[in-house]
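Numbering that gives the first Met the number 0 puts the first residue of the sequence shown at 0, with every later residue one more than the last.
FYI, nobody ran anything at the bench for these hints, they're computed from the structure.
There could be a bad hint or two in this list.
Claimed, not checked - The list that follows gives simulated cross-link-like pairs (lysine to aspartate or glutamate, DMTMM-like), each with its CA atoms no further than 20 angstroms apart:
{"#": "1", "residue 1": "47", "residue 2": "365"}
{"#": "2", "residue 1": "30", "residue 2": "7"}
{"#": "3", "residue 1": "70", "residue 2": "364"}
{"#": "4", "residue 1": "70", "residue 2": "203"}
{"#": "5", "residue 1": "324", "residue 2": "364"}
{"#": "6", "residue 1": "30", "residue 2": "45"}
{"#": "7", "residue 1": "70", "residue 2": "191"}
{"#": "8", "residue 1": "70", "residue 2": "335"}
{"#": "9", "residue 1": "30", "residue 2": "11"}
{"#": "10", "residue 1": "252", "residue 2": "234"}
{"#": "11", "residue 1": "70", "residue 2": "49"}
{"#": "12", "residue 1": "324", "residue 2": "245"}
{"#": "13", "residue 1": "70", "residue 2": "45"}
{"#": "14", "residue 1": "47", "residue 2": "191"}
{"#": "15", "residue 1": "47", "residue 2": "362"}
{"#": "16", "residue 1": "47", "residue 2": "335"}
{"#": "17", "residue 1": "324", "residue 2": "334"}
Unchecked claim - Now the in silico label distances, taken between C-beta atoms and shown as ranges:
{"#": "18", "residue 1": "1", "residue 2": "304", "range": "47 to 57 angstroms"}
{"#": "19", "residue 1": "245", "residue 2": "354", "range": "30 to 40 angstroms"}
{"#": "20", "residue 1": "34", "residue 2": "335", "range": "57 to 67 angstroms"}
A virtual CB, placed ideally from N, CA and C, is assigned to each residue, including glycine.
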Amino acid sequence: MAMFAHEDRLGEIHQNVSLIRKIDSIYRTLKTSFPVVSRISAALYDPKSDILKTFVCSGDEANPLVNYQAKLADAPSLVEILQKGRPRVVNDLALFSGGGHEHTRRIEEEGHVSSYTMPMYVRGVFFGFIFFNSRERAPFTEEVLSRIDPFGHLVALTIISDLSILQTLLATVKTARDMAHLRDEETGAHQDRMSRYARLIARELVREYGFTDEYIENIFIFAPLHDIGKMGVPDHILLKAGRLNEEEYVQMKSHTTKGRQIIDQMVENFELNHVNYVGIMRNIAEFHHEAMDGSGYPMGKKGEEIPIEARIVAVADIFDALTSKRPYKDPWSNDEAFAMLRQLSGVRLDPACVSVFIDCRAEIEEIQRQFAENSFG
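Work out the full structure, taking the sequences as your base and the hints as a guide.
Okay, structure coming up:
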């Protein structure tokens, strides 16, 4: 063999490519030794809302579970995996056909008839599942499983590597905010709600924009960074109860460009310039106050010149601000807030974002119940 003839089939996982490309590289490598495996996928767990969300997938055919989520509590067979603390083999998915779960139906419709499910942990804390599927019955013998397990852990470690950077970055931001004694109207509950509203809007726009699950998760993760630039706004302006004068308003508006500067500094300090999702962070922080008619700031962008992630976050942020109690106002009802969103649609806000959001009233109200304000915010 020539000195450099060998090609590292997994070399792509170390490159500056998307997470789905990395998972696909792992799948293709696994497939060469185990052609019975027709699909690898991962779902992430949100412990605050007990939601399990599709995240990444690679397989022979189109992904049967895109932009899908369900409560973990509604999937007792998955809960049992966590209770036993062991992975699970299902040699015939027909066992669950009577359960009525949409995810089971979709998997079966694509011809997958068996599965192997591994829970993912980081430092002992559960954060999701990895699923191996096959179109053959009973392919997951003990010998096969012993050789597949390392691939499952490689998938988990690849996901952890990508997400841990984000979590570290967000934890750093939160610590900086706390150390700066930032005390504006944005409570932790506000961030929990509006980030989930943003994810809801992105999920509903999938048909129009073709968003991946990874992209939707990034919007959810980065939405709380939208007002990070307020760290650079003086307290006498940020905390002012009354209307801002013209000079104060100019300083308040500067939080968008300050936010971009802070994120640029974080990206440099964390050496994240090579990461694909950095643009989403920057766009949310800098452009969430742009308006569809061009009257917004800081650059007066209009229409589709405004990045879609910024348009999504704008609707989520305004709705939660309207429906939340502030020192200067009582909370609006959802009906009042929806009416205002309709008035702003096409003027300040993206009409499609407004429309799909209002259509999700039941899910909005569930988020409000789960993340209601308390005496501590």
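Here is what the structure says about each hint:
1. A threshold of 20 angstroms between alpha carbons decides the hint, and for residue 47 with residue 365 the separation of about 12 angstroms falls inside it, so the pair holds.
2. Restraint check: the Cα-Cα separation between residue 30 and residue 7 comes to about 15 angstroms, which is no more than 20 angstroms; the hinted pair holds.
3. For the hint pairing residue 70 with residue 364, the CA-to-CA distance comes to about 16 angstroms; that is within 20 angstroms, so the pair holds.
4. Taking the CA atoms of residue 70 and residue 203, the gap is near 18 angstroms; set against the 20 angstroms cutoff, the hint holds.
5. Only pairs whose Cα atoms come within 20 angstroms are accepted, and residue 324 paired with residue 364 is accepted, the gap being roughly 16 angstroms.
6. The straight-line distance between the Cα atoms of residue 30 and residue 45 is roughly 30 angstroms, outside the 20 angstroms bound, and the hint therefore fails.
7. Distance hint between residue 70 and residue 191 is fulfilled; the C-alpha atoms sit about 17 angstroms from each other, no more than 20 angstroms.
8. Taken as a hint, the residue 70 and residue 335 pair is broken in the structure, with Cα atoms around 30 angstroms apart against an allowance of 20 angstroms.
9. Proposed proximity of residue 30 and residue 11 is supported: the alpha carbons are some 16 angstroms apart, at most 20 angstroms.
10. Straight-line distance between C-alpha atoms of residue 252 and residue 234 comes to about 14 angstroms, which keeps the hinted pair within the 20 angstroms bound.
11. The straight-line distance between the Cα atoms of residue 70 and residue 49 is roughly 5 angstroms, inside the 20 angstroms bound, and the hint therefore holds.
12. Straight-line distance between C-alpha atoms of residue 324 and residue 245 comes to about 25 angstroms, which puts the hinted pair past the 20 angstroms bound.
13. Between residue 70 and residue 45, the direct Cα distance comes to roughly 9 angstroms. Compliance with the 20 angstroms bound is thereby established for this hinted pair.
14. Distance hint between residue 47 and residue 191 is fulfilled; the C-alpha atoms sit about 9 angstroms from each other, no more than 20 angstroms.
15. For a cut-off of 20 angstroms, the pair hint linking residue 47 to residue 362 stands: about 15 angstroms separates their Cα positions.
16. Proximity of residue 47 to residue 335 is assessed by CA-CA distance (about 28 angstroms); at most 20 angstroms being required, the pair is judged violated.
17. For the proposed pair residue 324 and residue 334, the alpha carbon gap of about 16 angstroms is at most 20 angstroms, so the pair holds.
18. Checked against the hint of 47 to 57 angstroms, the C-beta distance between residue 1 and residue 304 comes to roughly 52 angstroms, which is consistent with it.
19. A C-beta distance of roughly 34 angstroms is found between residue 245 and residue 354, which places it inside the suggested range of 30 to 40 angstroms.
20. Hint check: residue 34 to residue 335, Cβ distance near 58 angstroms, so the stated range 57 to 67 angstroms holds.
Checked against the numbered hints given earlier, the structure breaks hints 6, 8, 12, 16 and satisfies all the rest.
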